[in-house]
Every structure is written in C-alpha cells, then in structure tokens.
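There are 2 protein chains.
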Amino acid sequence: MTQYSLVGKDMKRVDAIAKATGQALFTADLALPRMLYGKALRSPYPHARILGIDTSRAVKLPGVKAVVTGHDSSDEKWGVFRYTQDQRFLSIDKVRYIGEEIAAVAAVDEDTASEALGLIKVEYEELPAIFSVDDALKPDAPIIHENYQGNINIHVKIDVGDVEKGFKESYLVREDTFDAPEESYFQAEPYAVVAQFDNAGNLEIWMPNGGPHLKAKPLANVFKMPLNKVRVRKITIGGAFGGRSEISPADVMCALLARKSQRPVKIVYTREENTIATRQAHGMKATIRTGVDREGRVQARDVTCYMDGGAYSSTGPIATSVPFLCMEQAYRMENVRYNGYRVFTNKPIRGMYRCHGRAFACGVDLQIDMLGEELGIDPVTMRLRNARQPGDYTPTKSYVGSCGMTETIVKSAEAARWKERWGKLPPFHGIGIGCNSVQTGFPMGIRGGSEAFIKFNEDGGITVISGVVDNGQGNETMLVQIAAEELGLKPEDVQLISADTEVTPSDPGSYSMVSTFVGGNAVRLAAQDAKQKLFVLAAKALEAKPEDLIAKDRKIMVKGEPERSLSLTRAVRLGLSKGQSISGQGAYWPKVDSRREWVENPVGQLSEAFSFGTTIVEVGVDPETGQVKVLEAWAAQDVGYALNPKIIESQFEGGLAMGGQGGMLTEYHILDRGRVLNPTQLEYKLPLACDMPKINNIIVETFDPNGPYGAKEAGMSIAMSAAQAYSAAICNAIGTYIHEFPITPDKILKAIEEKSKREGK
Amino acid sequence: MTQYSLVGKDMKRVDAIAKATGQALFTADLALPRMLYGKALRSPYPHARILGIDTSRAVKLPGVKAVVTGHDSSDEKWGVFRYTQDQRFLSIDKVRYIGEEIAAVAAVDEDTASEALGLIKVEYEELPAIFSVDDALKPDAPIIHENYQGNINIHVKIDVGDVEKGFKESYLVREDTFDAPEESYFQAEPYAVVAQFDNAGNLEIWMPNGGPHLKAKPLANVFKMPLNKVRVRKITIGGAFGGRSEISPADVMCALLARKSQRPVKIVYTREENTIATRQAHGMKATIRTGVDREGRVQARDVTCYMDGGAYSSTGPIATSVPFLCMEQAYRMENVRYNGYRVFTNKPIRGMYRCHGRAFACGVDLQIDMLGEELGIDPVTMRLRNARQPGDYTPTKSYVGSCGMTETIVKSAEAARWKERWGKLPPFHGIGIGCNSVQTGFPMGIRGGSEAFIKFNEDGGITVISGVVDNGQGNETMLVQIAAEELGLKPEDVQLISADTEVTPSDPGSYSMVSTFVGGNAVRLAAQDAKQKLFVLAAKALEAKPEDLIAKDRKIMVKGEPERSLSLTRAVRLGLSKGQSISGQGAYWPKVDSRREWVENPVGQLSEAFSFGTTIVEVGVDPETGQVKVLEAWAAQDVGYALNPKIIESQFEGGLAMGGQGGMLTEYHILDRGRVLNPTQLEYKLPLACDMPKINNIIVETFDPNGPYGAKEAGMSIAMSAAQAYSAAICNAIGTYIHEFPITPDKILKAIEEKSKREGK
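These protein sequence lines are chains A and B, in that order.
Under our numbering, think of the first position of the first sequence as 66, with each following residue one higher.
Under our numbering, think of the first position of the second sequence as 66, with each following residue one higher.
Simulated from the structure, these hints should not be mistaken for lab results.
Bear in mind that the values here come from a model prediction, so they are computed numbers and not experimental data.
Mixed in with the good hints, there may be bad ones.
Which copy is meant is left open, so a pair is good if it fits within one copy or across any two.
[Unchecked claim] Derived DMTMM-like pairs: lysine to aspartate or glutamate, alpha-carbon spacing no greater than 20 Å straight-line:
#, residue 1, residue 2
1, Lys617, Asp200
2, Lys656, Glu523
3, Lys643, Asp658
4, Lys299, Glu439
5, Lys476, Asp244
6, Lys711, Glu557
7, Lys299, Glu141
8, Lys77, Glu175
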C-alpha cells in the first residue's frame, strides 16, 4: 500500500542484530548478585502415592541454601479454568506422571543442587498406571483424579443442525479413523526461570512466557499476593508455540526457593526436563464421518475425538475444542456434531499447540480427498465447493467478516499449476492440498484486552509502553512499525518498553494469534491519541485545521501541501512550553462473546477475525526406503493486511516447517510406560533448514475492518494446512491413504505393501 | 484534617524497611555480568596546560579492557545554561583544578584499574593559579576561561525601587561584610555510576541523581544520541542536597568506558573524590547595607556578594541569585539592589546547595539584630515588622499566595518563650532567631512539568508511574500516599514505578523543592482521572450520579450513604468486562515565567508557591574553650499542608542539622593552594545524632491553593533559617557579633577577647 511509509514494508526486525550476534539475553543468561541455582526432584513413577518426603539430609549438605516441598506452598492448584484446577505445583500426596515435581533445592552451584536432590528421600506406594486413552476408558480402569470419574477430563459437545437428516440426504458417506501420538513444541530455548523477592516482599521473576500478565495472575494466586507485588519482567524468549502460556511448576519452585533462601534463584531446565515437564502437544484419535452430495458439498459431519491429555488438565480443555473450531471456520457445513473427549493418562501433561490436532485436521482433509476420489472430483474443486465465504456464520455462530479462503485456494493452486500436475505426476510423486483457519484470540473476558501508553520525549522521540510479549514471532517489530507509521516517525525514533507486568498495562498475552490484532490495535490507538494532541497544537501554528493534517517524515504537514509543515519535535516542544506533555493512551478489547464455559459448549462470537490458509506441497517418495522428499511448497494465507511481508513470510516458513516438515514426517514422542524415550534432539527429529523444500509464499489481503490497517494473524493457518498438505501429498504419491500420523517411512512402506497385496500384485 | 484517610497522617515510609535493614540497593551495590571497574585519572595541578596524554602503557596492562580520554568523547561541554557551557567532561587541553578528570580506565578489578592509572603519562605545563576571589578580581590576574575576562562567571544585577532615596530617608543605616568558606554536601553515599550499552547502542545508566530526566538530556547531548536511547534507571539514592542534579564527569567516563569495552562498567568514587570532584557549596563574601526607619522597618537594602565558584560554571549561575531570592521572599522591602558575582578560581567546582549562602543569609539576619539592638527593638519584633505577608509581590514581581511567615515567627517565639528569655538568660547563654523562605521549583521551561500514569490491575491494586525520584527525602512515600488517598486505597495496594527515563514520563527532577508540588500534583491528577472513570462505571451500578460518589476504604460509595457501595475491585472488573481498562493520566506544569535568562535579571513569577520558615535556638557558650552547646531548638515552617507530618519533621530535623549544627558550627573546607585538606569524615566534622539539641517542630499550614491538598515544600526554609538562628544565638551569648562563618571555637574566643579589649576589661 503506497499510502503508508512503514507498514506494509519489510522493515528490519528490531531484535535482528541482538539475535544474530548472540547478544540477546535469555533467562538462562541472567546473573544476579548472590544468585543460587535450583534443581527439581521428579517422580520416577508414573502413578504413586507419596507416603513421606524427608529432606533433612539435603538441607544439611554444605552449599545448600534452601529445600522446598509442596508443604512450603499454598494449596493453590493450576488449571486454565477454576473448575479444572487440579495440579498442585509440588505434589505432596500423589504423583501422576514420570517427571512430576516433588521437591526443589537451591544451592550455590548446580552440582551441589544435584547432589542434594540425591539426598532427598521420598517414600512411594506405586499405583496401577494408565498409558493409553483406550485403557483409561475401560470400566475398571484406575482413577487418576478422584473428581474425574472415568478419567474423562473434559467433554466438548457440539450438535448443530440435523446431522442424521444430513447423512440421510447425502449421496456418499464415509467414516474414517485417524490417529497420531504426542509431539513436542521443541522450543529452541529450554525452560528457565530466575526469581527473587525484594525486601518489601515483592516477587520479581523472569522466564520465557506467552504473556507476562498471564503468568502473574496464577503466581499471585499461589503466593496469595496482590498482582502489584508480582512483577514478571521482560526477557528475550526463544520460542513458545503455545507452550509458554501457562504458569509452570518451575516458576513456583524458583520463587519458593527464592523466598526461603532470601536470595535470587535460577532454574534452567535440561532439554529432557523441557520435554517431559513443560507442556507438549496432545496425542489424538479422531473418527470422522462425513456425508456429501454428488458435487462433493458436505451435508453432514460427525466427529468423535479422543485426546490423550496426560496427567493434568492444563490448558487441555481449550485444546479439546480448538481443532473443531478451526475446521468449522475453514469449511462450510450446516449439520455437524462433535464429541471431543480429553482423557487423563499417567503421561506428561499436554497443552495448547501451534498446530492443533494432526489426527483431526489432517483426517478431515484426507477424507475430503477420499470422498472426492470416489466422486471423481479433484481436491482443489472439493475445497472450493466447501470453502468458507465472507459474511458467513460458522456453525457455532461466529460471524466471519473478512475471509480469503477461496482466494488462498485459487492462488496457491494457480501458483502450483495444480491442474497441470494433478494426476499427471510420475509414479511415487504426489501433490496435496490442505486448508485451515484460525482465530485471532479466544474470549478471555476481563483479560482479553490490551492497553498501551506512548510518551514523547522533548527531542521528538517516543517510548511505547505495551504489555505485548515477543516470543520470536516479531511482535516488537510490529509494535514499533505501527507506532512509527501512525506518528510519521522513523523506527529508530521509537523505543519499546514491553512485557513487564508492573510497567506495562494489561495485555492478553501473545498466544492464540492475538498480538497483532489486539496489542497492535491498542498501540495504534495510543499513537492516534498522541497524534491528535500534536495536531491541535500544530494546527494553530500552521493556521490549518487539525483534520487537514498528516504526520509523515518526522513532520506534521497540511495534507497535499507538504511545504506547510512543522517538525514533530517542534510540535512537541510547543506543547511542553505551554505546559502540555504529549502522551497517548489506547486500549483495545475485542468484541467477542465471553462466557465462562464457552469451551465445552461454544456458541457465539469466538474471535473478532479469522485467518485462512492453504498449503500445497509436491513430494517424491522413495518406494524402496519410504523416504519422503518434499520438492516444493506453496503457502497462501489471508493475513488481512501484510504489516511486514518479510516477517509474515518467515512465519509461513516456520509454520510449514513445524506443521508439515516436522509434524507430518518426523516428530512424535516415543513413550514406554509413561517414560519419554526420545526427549532430546539426538532422538527427536526436528527438521533442519537443509531439509526444507523451496517455499513459495503467497500473501492474500482482505483488509479486515477491525484489524490494525486490516491485519489479522499470520502463519498459524499455514502451520495447520501444511500438515494437511503433507499428508495428502504423500498419500497421493503412494496411491493409498494412511490413517496414522506422522507419516514415517515404516508406515509408507507398510501402506505400499498392503496396497500391493490389495491390488494382487 | 479528618476528611482524609492517609494524607495528613504519619504513614510509614515505603522505603523504611529496606533502608533500615540494609537491603536497599545503591549504585555501588550493583553487579552486572562481565562488569568492569573504572577509575579516573585526575589533575595534580590547579592550573595547567595539557601538552600530551600517553595511554599506551596502560592499555597494555593485563586486565585493562578500555582506556578513555577526552578524545573518545564528543566536544560537548557542560554548564546549566547554553551560554555557560564550559566544562569538557575529560580535559584535553587544560586543567583548572586539582582533581579534574583527564582519563579513565576500565579493568577487571579496581586494583588493576588503579595500577593502570599510574601508567598513563600526562605532560603538563603549569600555569599560574588563583585561589581566592580577591586574587581573581585583580586586574593582572591570570585568566581561567578565555571567554570570561576578569574571571567573572556571572553577574546578577537587581535594582528595584529607589535604593538611594530609601537610604536617605532611613533613620538608621548599617553596612557589614560577612564571609564564609566553601562547605560540603557530604552525602552519605559517595558518588557511583554503572553504565552499559546494549547491542542496539542504547545506554543504560544508574547513578544517584536529582532527577533522571535531568541526567538523560546532557548524556544524550554528549553521546549525540536521541533521548530514547539513553535510559537513566531507578536506584536507591543516599542523599543529594542539590549535589546530584548535574551530569557528572563520572557519568560520561563510565559510559565512554562501557562503550569502548562493550561491557558494563562501574565507577565508585572514594570519599575524597566525592568531595573534590562532585559539586559542593560556594564560598561567599557579602557586603550588606541596610537602612531602617525608627520602628526597624527596612527602607533600603544594597547587597554585594562575591561567590567563589571554583573552576567551572556548573549550576553556579543559579546559585548566585538564589540567596537573594530567598531573602526577598522572606522579608518585605521596596528599594533593593543586588549585585551578585560568581567568580572563577582554580578550586573544585561549586553548585546548588540545600542551604544557600551562609554569609549572605546569616549576614542579613545578623544585621537585622544589630539594627534592632541600636533601635532597642528585639529580634522577634524586628522580624514581625518586616515579615512577608500573603498577597504581597516580591521586589522581582513574584506574587506570594499562601504565606505563613508571621505565623512561624509568632508560634516559634511563643513555643521558645522568647519574651521570657530574651535578655534574661545567664551569661554566655544566648537565644537567636532566623527567618527564611524558599521556592517550590524554578522556571524550567519545557522541562518544568511532571506527568504520571496510573494503571489498575484486575484485583484492584494499582501501579503509579512517575518520573519523580527519591533522594532520601520521602518522595516515594508522598506519591504512594497521594495516589492511595485519592483512590481510597491502602498504601500496600499501590506499587510505584519511578525515576526511570524510559518507563516514566517527564519530570523536572527532585531539587528546588519541587517534587511534592509538581510531581505530587501530577500523580493526584492521574488518580483523579482514573477515579472519574471508575465513578462513571460505579454510578450505573449504584444508581447514583458520579459526582455523588467518593472512594474510601477500597470502596466506591455514595457520599453520606456508605451502605450504597461497591468494591473498587468490582468497579475495575466491571470496566474490564466491558472492554474498558482503568488507567489514569495526569500532568502538572507550574505556572511560572520562563525566560531564558531569568537568572541574571530575574523578573516575574519565579515559583508557584513559597515556603516560609523560622528557627529559634538557645545556646550555651563555654568562654574558656569557645565550645558551643545548643540547648534547644524550635523549628517552625509553613509547609502549606502537612501531607506526612513525620516525614516533614524529619526534614525539619535534617535541615537543622545541615544548616545549623553542621553549617554554622563545624563544616567548612580547608584548602591549600587549591587542594582540599579535609575531604573525609576524619577531618571534616559532620554533626552526629548525639550532637543534636532537642528540636521542637512546629508545622504551620496555610493550604496553598495550588499545592496538592495545599502542600508546599518542607524543610529547606528550616535549613536556611537554622543557620541564621545558630549564628544569632551565639552572637547573643557572647554579646558581640561575628562576621565570619562557620562560628568555630577559635572565632568565638577571638571575638570574646576583642570585646573584652574594646570594653577595656
């Protein structure tokens, strides 16, 4: 858009140099005077009663400054909703997975802390454990949480229209079951915390977080302190992907140790601990029944999904509904039923993820391909016939304003020359398409809005004060870009103070794709507020009306008459000389339906805007080894407006790597009786840059009426649709469908073999 | 005042526990990872040309990470006004006093840094030096600054009314000359700085300061950086007394070393360095000619004052006019002339001080006593007849609104039973009175105002964001008290974020007695802004009008109907649930006449309000040893409104200790050819708690219409009037007048001896 100076352009990331040169300071890099090092004692049993914890020998070890157990903490438990609060931060009575926290030690160095852990004696009584959803649902299964009979944590139930009638009227109905095990977020930065209490009893804490205010509230609850005594501070963060949104036992352990020792304490998780004791993605089994008419239009759909939640509720209750919500946004359907069950097992805890529900999302898309195949309709046409359209309502009654679903399908198919390739590729080559849609935030009630302050310095520079956190996705750059654009400043004129609960006002946190939409809008409004004050001052000096002024190139000028101008600095000083400081305030609360229990029975406006993405990939499969080579990818997303195309493209590419290349080819947890056998990079295969195909990014703009400059989230509907496209392309290459994900070489070889058998070869 | 819950009460200081337990972190306590230690190389000569600086050997010393000289810096010079900028932060061509900074070293420890200093070779050409005002003013005196011929730095010239006519019409005229050498601020905390540059080139710096924004601006100038790249951060401060308001060469050296080494650097001054190389108080010689009528009313006054400014301008130009301004505020006079000269010498630099002008202020008051003696009028009556009255204009045309000058005289005289004591005390016992008045801030133009933000947390707690700094006087407590009062909160509900140039908005700094008046007003306005938003929300819920509501006890209630109430938390959450965050913004700019050169020729409104103080002391003098024992003191000040009586009393007591006990009895610098011989506590006699007399504090309230709740500054007009009362009491005790201050035993013995001779004993 030519009307803007900075937004819509590839402005360099504000954190580029710090990160590229290694100078950015992460939590593990923090060093405070007199700081101690903390370590956690974890359960070796998947399910056991704790009969006693004896820390007396550990306390006496020279160099040990504090030992804490759950008895040092309040009784507060964690869960994303009041009614799902089931996790004590340090267990005192029972452990429910291998790795659960029981005690923690702070000592003068890590070795001493580790040695002290060995001196803590815990007496256990082992209990029968459950390692699969099937076992958990057996009538005689052991109960993991007394208040969750049948081990069902949550049951999301949606039933819209008349599903049975829809099936009856369908031309073709299919039912398939898809399965996928747990997987990792594998953030580049293992979890770490530094905590200290000051002499006034205020807690200061640093950690990777998906929103500092989101961490502060549960910490305030645990420590029975008001919010203004808990200060979650800004620090560089190495990735979140949904996995840094919750309070962690590490936060509580670290703060408890700091309080007890009256010294700063640092806990840095090992890679193993990051895998087993921070949130990871759910395993899932989805049975999908879909009826279509002759033209492939969905008439009815019924999905039953079982999610393996591990030992505690976490944010899992939200994760149980999200795959459905994404699906209902992406595709039109009038008669739909969903039963989503989150089930407890004695395995590590599962939470929110950037790429929800491989078994669900990929299943839905693969089944569309299967239905199309039976009807003789190609996948692109199937999707165009079912694509969500602007002005629609979703089955759960969200109004969809801006919507580029169709445009992403058309543009990616054109770019990929779909028509020339579909059905015409050489043997063991395949092409596949996936479509998805995600929200820009969920209903967060009183915590759903963002506020920002902007203050002008006397030299015309500004400071933006915003609660938005940057987990690596470029939020800081986005905020600087918006503030500078709005005020006609250069990026270097803007200093950002962010993600500190004391200094920065309310913000929902950087997850659920909400930062640009909500935090970006707040900063834009704050900038406009300050600008308005400057325009009133400048109008007098320029003998013009405030509404005829624009801010550009560090000047305020009369629209169309650039020679009638005043420097911004001059306008600021004009104000100051009259005793008026120039500052701005802005707040944005998305207009959504906030009901307490929207998760289990969602109805109403879920989010103010939705993004829509299509990914197409072409693959080659080696029939001898089952190896997949991804030849090329096309990622098209409706981002509303591309605030920073370069950053958006990097989000597309990251999404494709995570959802497709890793999520559909190599990533999964191998568990043996609740123990994760592949917790580190050695065994858990993350895609590397050299593994990635050529990616063609296609940015579609629909100018959402509520987004800042029209912008919506960027990248997540690529992560989701990439998983779908990868699975579809492989199935297309081998000429048969696979129902278990990720699609590893063994599964490919097995599918080829079975196909050969079926075809009598 | 019973209508308030918190203001007007002895609320405990928010920093009490941290300071009492030693947990408060001062700059010297800071430790940053990889931090280096800096040391300064200082001139051993009072006046010399620098022919060369060779740092090559120092650079090579193992452990040395950076060596800087003035060649590493920009050419920017310091001085409080553009036209008095004469001090380069590291000299490259000339040194003008013993102790001037030439180079600095950063090394892995202090010993290595000290060793490296010894390896720097500086070649000097000594120049003739000047060590007294008299020598500086001689026609053939060497010139210290080329652009200040005659060595006169500044000449303040005031001539109001018809002074000669006034003298002609006077019944009695006296002329006296008074003299006092330089003295120390002697802050409890020696100067210290920690600086670091981040990878984006932003400077972060911690140091004791009298206003972070006041430090940031000159630092930005030196480093040619915009203000938002210089972040002066909050740190506990151990006293300022006017001496921490300016940028210091230490700030620049530390930042230069940090930039060159790319590591954090800490410089901690020794006590000697704090004395010779930070600002201290001027030496002064004042000739005062006063004419009075038969009743003792001043008809004309002519003062000529020479101030020894040392080597550079510093803030001395302001200090040259302040003693006059205080005097003209305290006492009525229509015909007055003032010639104030600040003169350069080759001695350490002098700046602003909490207790301006011993020789001037005490001289004026002593002369009033002398005139009274000749007229047969006692000192209290003399002062009552000349006291400033509300509604007056000062000679330089400041309107005096609230004024309790007379009340402080009457109340302190009553409390001290003046009438029963005056002239009736035993031999070598004396009683004396002093009166003074100070401003609440000076005209600072665009930097004269303060702004504050307040944000509410969802649990009803707040954060106050203000640029006001606390140097120890209790400003933080004052801000918390005001915010809590205004919003009906408890002190513990308020978190204060202050004195950080990035995070907090504009503030003039905590000097010139401005913080309560300007910063306090800004916070009050911000709180009222937030309260108004809450009242609108609560009014609906309570079915009342916003204007009928009050905030009290964490509730919003209908005035007079406390049962119709709503908790503040509920009101905040009402707002949040409607997408409205509760925050407030307030700004206060004092209405003063800001002219660029008000210092040299002040006319117009100098300050928005003035405080007025009277001190009375009773002393006993040992005629054998000359030792003075102060028996009791009465300190009465018009503080407008006593926001926190306990803190105000501690300011009175600190003022009396500094201005009277130290300033008039023991404190002065002994210099030998420009070298300070008594820089440390061993030789420089500060009063101890055990030296102090019983102090009777008398708080007078006049409810200034512009002050927050009517408040004005507290304590400084006690510091000034205490010096006056001490000198008057001693002179009364020995029955003769002393013209040189401080009044040490040797001067007392000499005066007694001379009196005996005169009286022919």
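Evaluation of the provided hints:
1. Taking identical chains as interchangeable, the C-alpha atoms of Lys617 and Asp200 are never at most 20 Å apart, the minima being 65 Å within one chain and 58 Å between chains.
2. When the C-alpha separation of Lys656 and Glu523 is checked against a cutoff of 20 Å, the pair qualifies only between copies, where the shortest distance is 19 Å, while the shortest distance within a copy is 37 Å.
3. In this homomeric assembly, Lys643 and Asp658 come within 20 Å of each other (Cα to Cα) only across copies, at 11 Å, whereas the closest approach inside a single copy is 45 Å.
4. Proximity of Lys299 to Glu439 under the C-alpha cut-off of 20 Å is found in neither arrangement, the shortest distances being 55 Å within a copy and 70 Å between copies.
5. For the homomeric pair Lys476 and Asp244, neither the shortest alpha-carbon distance inside one copy (31 Å) nor that between copies (89 Å) is at most 20 Å.
6. In the homo-oligomer, the alpha carbons of Lys711 and Glu557 lie at most 20 Å apart inside one protomer (19 Å), although the nearest pairing across protomers, at 47 Å, exceeds that limit.
7. For the identical chains of this complex, Lys299 and Glu141 are neighbours neither inside a copy (25 Å) nor across copies (34 Å), given an alpha-carbon limit of 20 Å.
8. In this homomeric assembly, Lys77 and Glu175 never come within 20 Å of each other (Cα to Cα): the closest approach is 39 Å inside a single copy and 41 Å across copies.
In the structure shown, a violation is registered for the earlier hints numbered 1, 4, 5, 7 and 8, in ascending order.
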